[in-house]
Each structure stands twice: as C-alpha cells, then as structure tokens.
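Okay, here's what each chain looks like letter by letter:
There are 2 protein chains.
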Amino acid sequence: MTQLSKYEAMIVKSGSKLTKQRKQILKVIVDHSDEHFSAETLYDLVRHIDSSIGIATVYRTLELFEKLKIIRNVKIKNDGVNYYDVIDLDEQNHFHHHLICTTCNRIIEIADELESYEAFIKEKYGFNVTDHDLTLYGTCASCQ
Amino acid sequence: MTQLSKYEAMIVKSGSKLTKQRKQILKVIVDHSDEHFSAETLYDLVRHIDSSIGIATVYRTLELFEKLKIIRNVKIKNDGVNYYDVIDLDEQNHFHHHLICTTCNRIIEIADELESYEAFIKEKYGFNVTDHDLTLYGTCASCQ
DNA sequence: GTGTGTGCAAACCTTTTGCAACCGG
DNA sequence: CCGGTTGCAAAAGGTTTGCACACAC
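Protein sequence lines correspond, in order, to chains Y and R. Under this note's numbering, the first residue of the first sequence is numbered 1, with each subsequent residue one higher. Under this note's numbering, the first residue of the second sequence is numbered 1, with each subsequent residue one higher.
These are calculated hints, taken from the structure and not from any lab test. Positions of the beta carbon are idealized from the N, C-alpha and C atoms, including for glycine. Mixed in with the good hints, there may be bad ones.
Calculated pairs, DSBU-like style, for lysine-lysine (alpha carbon to alpha carbon, straight line, at most 30 Å) [claimed, not checked]:
{"hint": "1", "chain 1": "R", "residue 1": "Lys67", "chain 2": "Y", "residue 2": "Lys124"}
{"hint": "2", "chain 1": "R", "residue 1": "Lys122", "chain 2": "Y", "residue 2": "Lys75"}
{"hint": "3", "chain 1": "R", "residue 1": "Lys67", "chain 2": "Y", "residue 2": "Lys77"}
{"hint": "4", "chain 1": "Y", "residue 1": "Lys124", "chain 2": "Y", "residue 2": "Lys75"}
{"hint": "5", "chain 1": "Y", "residue 1": "Lys75", "chain 2": "R", "residue 2": "Lys67"}
{"hint": "6", "chain 1": "R", "residue 1": "Lys124", "chain 2": "Y", "residue 2": "Lys75"}
{"hint": "7", "chain 1": "Y", "residue 1": "Lys69", "chain 2": "R", "residue 2": "Lys77"}
{"hint": "8", "chain 1": "R", "residue 1": "Lys75", "chain 2": "Y", "residue 2": "Lys67"}
{"hint": "9", "chain 1": "R", "residue 1": "Lys17", "chain 2": "Y", "residue 2": "Lys75"}
{"hint": "10", "chain 1": "R", "residue 1": "Lys77", "chain 2": "Y", "residue 2": "Lys67"}
{"hint": "11", "chain 1": "Y", "residue 1": "Lys77", "chain 2": "R", "residue 2": "Lys124"}
Cβ-Cβ distance ranges computed for the label pairs, FRET-style [as the list claims (entries may be wrong)]:
{"hint": "12", "chain 1": "Y", "residue 1": "Leu68", "chain 2": "R", "residue 2": "Ser33", "range": "35 to 41 Å"}
{"hint": "13", "chain 1": "R", "residue 1": "Glu109", "chain 2": "Y", "residue 2": "Leu64", "range": "56 to 62 Å"}
{"hint": "14", "chain 1": "R", "residue 1": "Asp50", "chain 2": "Y", "residue 2": "Ala111", "range": "47 to 53 Å"}
{"hint": "15", "chain 1": "R", "residue 1": "Ser16", "chain 2": "Y", "residue 2": "Lys6", "range": "51 to 57 Å"}
{"hint": "16", "chain 1": "Y", "residue 1": "Glu63", "chain 2": "R", "residue 2": "Leu18", "range": "44 to 50 Å"}
{"hint": "17", "chain 1": "R", "residue 1": "Leu89", "chain 2": "Y", "residue 2": "Met1", "range": "56 to 62 Å"}
{"hint": "18", "chain 1": "Y", "residue 1": "Asp112", "chain 2": "R", "residue 2": "Ser5", "range": "41 to 47 Å"}
{"hint": "19", "chain 1": "R", "residue 1": "Leu18", "chain 2": "Y", "residue 2": "His32", "range": "44 to 50 Å"}
Could you put together the complete structure from these sequences and hints?
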C-alpha cells in the first residue's frame, strides 16, 4: 500500500467522497511532501494536470485535509497567506520544527524533540502539552 | 521616567514625529500591555478617545512600532488577522512563549528559556539561533 | 437516484495605497 | 514652512460563500 493510497483510505474512511479533484490535489501534495505550500501554490500545480479545477475547490480541499490530519497549517510567515505541509504517516506525534535563516530565508525542518522542556512546563505550570509550534530564527551554517 | 515616555523617546529617537495619534495608540497599547491585540482591537479602543482616527493610521502605526521594536507580531491564530504584543523594556531578549489551552482557549505567557535546546541545535546543525517563536498547545491546570 | 462536491462569480475581510489636507519640529 | 503623517476612499489580495450543475457511491 503506497503512501498515496493510505491517504486516500483516510478520505474514504471519513465518509467523504474520493473525487477526481481530491485525488489530483492529494497527489500533488504527496509529490511535494518536502515543501511548504499555500492554496495558490497548489492551485498552480494542479492546473497543470487539470486546467478546469477551481480555486475554491483547492481551499475546500485544504480545509478537509487539515481536518483529516493529512496536512497541517504551519505558521512560518505573516504575509497573509496560509501555508501547510504534509503530516507524515509514520510520524509518531505532531511535532516538527523550523529553522528559518534570516539571511538566505532558507527553511530547514528538524524533528528533534522538546520532551525535557515540556516536562519542565508540566512541573512548573501544571500545563499538559499535547502539541506545539516552534520556529527558530537565526543564521544557518552556510550564511555564518 | 515612565514606561510610556520611554517608548515615546524611542519614537523621537528614530526620527519619527510624535503625533497625537501615535501618542494615543501608544497609551492604549501600554494600558493593555498584558493582552494580545489586533489592528481592529486597537482601532476600537482608540476611537473611544478620538473618534476621528482612521484605521489606516492604526495599521501604519503598528508597522512603525514593530520596526522600532515597541511591539512584536505574535503568531497565535490563523484567522487572517495579525496580532501583536508589547515588548517589555527590560526584557533581556525577544524570547517569550505562549501556552494555549485547547479546552478554554486561555493564553498564558511564559518567559522560560530554551537555552540548552538552542545550544543543541547549534551543535547539531551549525545553525545560530537569534530569535524564536514557540507556542505550546495543551490543557491548562484548571481544565485537566 | 441522492446528496455530496465542484466551478464560477460575487462577496467578504483584512490590509495597503494614492492623494490632498494637516501639523509637528 | 516643509516634509512627514493623517483620513478618506478606493484597491488589493487572500479566502469564503451561494448557487446551479455534476458526479461518486
């Protein structure tokens, strides 16, 4: 069973229909699983496959995929655009972090955990962390 | 010298004019220094003082204050609105984190550092962290 | 067949911009 | 005074929505 068909199974399982458009969008997302994408980006990519698709469908599909936890919204920019990335199937949790180089604007994804920090927060504030969003800004190795 | 006049000094020092509108907006921000605010929120608050102010002025002022590091943009929601909070004058660095309770939606600000984690990132990726943005989601003490 | 999903266009909402008038230094 | 700043209104840009038609199950 491929990565793609597992996501398709998630759509079917949720009771949603596996339409041509959803398949096309899903394929483009999986083929670009190492990138961050916006509705506009996806729309452009999918239009190469099927020029009749509408931007509204892309927005509605992103909303569905986010609800199904196929993709997640990542808060990496404040330019008024929503960006997403795929949630890996064998990702044990929803944690992933970004290193953004303020010199070359490169975005590096890392998976290192914050377990000890979260234990500390639990201890100090009685707050039980279930998810998080971490972006580190600075200069990457090649820009230093 | 009050907190307010220190911020006013920062405006003058930057070469910008200390207009009536900027003073009014600054006062409202300082009076609500424990909250996160949007342009709309500020606009509503300032209109109570001076009903002739324009929303465009609020946006332009937020842009100026952000550049002067009087306020910072916080990525706490994806509702298409930009939120800000005041940067405390005696804040040693620009680090501050949010705990967002997914049950009651309360936002708790904390100041605990991530120094050891950043040292680890430097070691492993050669990435030099100068700033960061961390939001932890979960359940607060009273919601558990 | 039935109801969910789609494409289109209009509407919406936040933010930005052009411009003439205004006012702070 | 002079140039930065403002208020207004229009525009821009991203996202949402109403509706008739299409299609997955």
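Evaluated hints:
no. : hint                             : in the structure
1   : Lys67(R) / Lys124(Y)             : 34 Å, violated
2   : Lys122(R) / Lys75(Y)             : 22 Å, holds
3   : Lys67(R) / Lys77(Y)              : 16 Å, holds
4   : Lys124(Y) / Lys75(Y)             : 26 Å, holds
5   : Lys75(Y) / Lys67(R)              : 20 Å, holds
6   : Lys124(R) / Lys75(Y)             : 24 Å, holds
7   : Lys69(Y) / Lys77(R)              : 18 Å, holds
8   : Lys75(R) / Lys67(Y)              : 20 Å, holds
9   : Lys17(R) / Lys75(Y)              : 34 Å, violated
10  : Lys77(R) / Lys67(Y)              : 16 Å, holds
11  : Lys77(Y) / Lys124(R)             : 25 Å, holds
12  : Leu68(Y) / Ser33(R): 35 to 41 Å  : 40 Å, holds
13  : Glu109(R) / Leu64(Y): 56 to 62 Å : 33 Å, violated
14  : Asp50(R) / Ala111(Y): 47 to 53 Å : 50 Å, holds
15  : Ser16(R) / Lys6(Y): 51 to 57 Å   : 55 Å, holds
16  : Glu63(Y) / Leu18(R): 44 to 50 Å  : 45 Å, holds
17  : Leu89(R) / Met1(Y): 56 to 62 Å   : 57 Å, holds
18  : Asp112(Y) / Ser5(R): 41 to 47 Å  : 44 Å, holds
19  : Leu18(R) / His32(Y): 44 to 50 Å  : 49 Å, holds
In summary, the numbered hints that this structure violates are 1, 9 and 13.
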